[in-house]
Amino acid sequence: MQKFRSKKDWWILGFIIAMTGLLIQLLLTMYAKGTMAQYPVHTLTYVLTIAVLWWPVWNTQYRVEADQLVITCMFLSWKIPLSSIQQVSPSTNSVSSPALSLDRLRIDYIKEGKAKFVLVSPKDKTAFCQALQRPS
Numbered sequence: 001m002q003k004f005r006s007k008k009d010w011w012i013l014g015f016i017i018a019m020t021g022l023l024i025q026l027l028l029t030m031y032a033k034g035t036m037a038q039y040p041v042h043t044l045t046y047v048l049t050i051a052v053l054w055w056p057v058w059n060t061q062y063r064v065e066a067d068q069l070v071i072t073c074m075f076l077s078w079k080i081p082l083s084s085i086q087q088v089s090p091s092t093n094s095v096s097s098p099a100l101s102l103d104r105l106r107i108d109y110i111k112e113g114k115a116k117f118v119l120v121s122p123k124d125k126t127a128f129c130q131a132l133q134r135p136s
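1 is the number of the first residue of the sequence shown in my numbering; add one for each residue after it.
No wet-lab data here; the hints were simulated from the structure. Just so you know, not all the hints are guaranteed correct.
Claimed, not checked - Ranges of calculated distance between the beta carbons of each label pair, as one might list FRET restraints: (1) F117 / W10: 18 to 28 Å; (2) A115 / Y39: 45 to 55 Å; (3) E112 / L26: 21 to 31 Å; (4) W10 / A115: 51 to 61 Å; (5) I24 / I110: 38 to 48 Å; (6) V47 / Q130: 34 to 44 Å.
Unchecked claim - Here are the simulated DSBU-like pairs of lysine-lysine, each with C-alpha atoms no more than 35 Å apart in a straight line: (7) K111 / K7; (8) K125 / K114; (9) K111 / K123.
Just so it is clear, the structure is predicted and the values come from calculations on it, not from any experiment. Even for Gly, the Cβ is constructed at its ideal location relative to N, Cα and C.
Please build the complete structure, drawing on both the sequences and the hints.
The following block contains the structure:
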């Protein structure tokens, strides 16, 4: 099994860091004013929002196993048999996908007789493509 992490664009990390900073500032203000206990729902919402912002940064990964590609992002998972992959091509499509960069690869595959695709952004695209082509 080979594991590949997602490449991360600077502007995505910048957005997450900025939002985290704003939420921490709100939490610190609430703490300083002594209002955290009065507004537990707000406090919990801010903390959970920070966790959800960082979750894809921590766990977006692509695993090439013996016979399948397993893509994980947050609570979502794709399992694509390597034999069903039709084509892998470069893409800058900005559609929502398990990729933290716009420097992406489009993976076209067949699922239940229908053409599908998923966009991924492995840090090492060359090694990732080689792993997909390696016979099982």
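Q) Taking only the CA atoms, is the gap from K111 to K123 under or equal to 35 Å? A) It holds: about 26 Å lies between the C-alpha atoms, which stays within 35 Å.
Q) Regarding W10 and A115, is the given constraint of 51 to 61 Å on their beta-carbon distance met? A) 33 Å Cβ-Cβ, so the 51 to 61 Å window is violated.
(Q) Hint check: K125 vs K114, CA-CA at most 35 Å. Holds or violated? (A) With a Cα-Cα distance of about 26 Å, the restraint between K125 and K114 holds, given a limit of 35 Å.
Q: Look at the Cβ atoms of E112 and L26 and judge whether their distance stays inside 21 to 31 Å.
A: violated, 46 Å
Q. F117 and W10, beta-carbon distance inside 18 to 28 Å?
A. Roughly 26 Å apart at Cβ, these two residues keep to the hinted range, so it holds.
Q: For the range 45 to 55 Å, tell me whether the beta carbons of A115 and Y39 fit it or not.
A: holds, 49 Å
Q.
Between the alpha carbons of K111 and K7, is the straight-line distance 35 Å or under?
A. Distance ~26 Å between K111 and K7 Cα, so the pair holds.
(Q) Verify the CB-CB distance for V47 and Q130 against the hinted window 34 to 44 Å. (A) Holds, at about 41 Å.
Q. So does I24 sit 38 to 48 Å from I110, Cβ to Cβ?
A. holds, 46 Å
In this structure, the hints that do not hold are numbers 3 and 4, in rising order.
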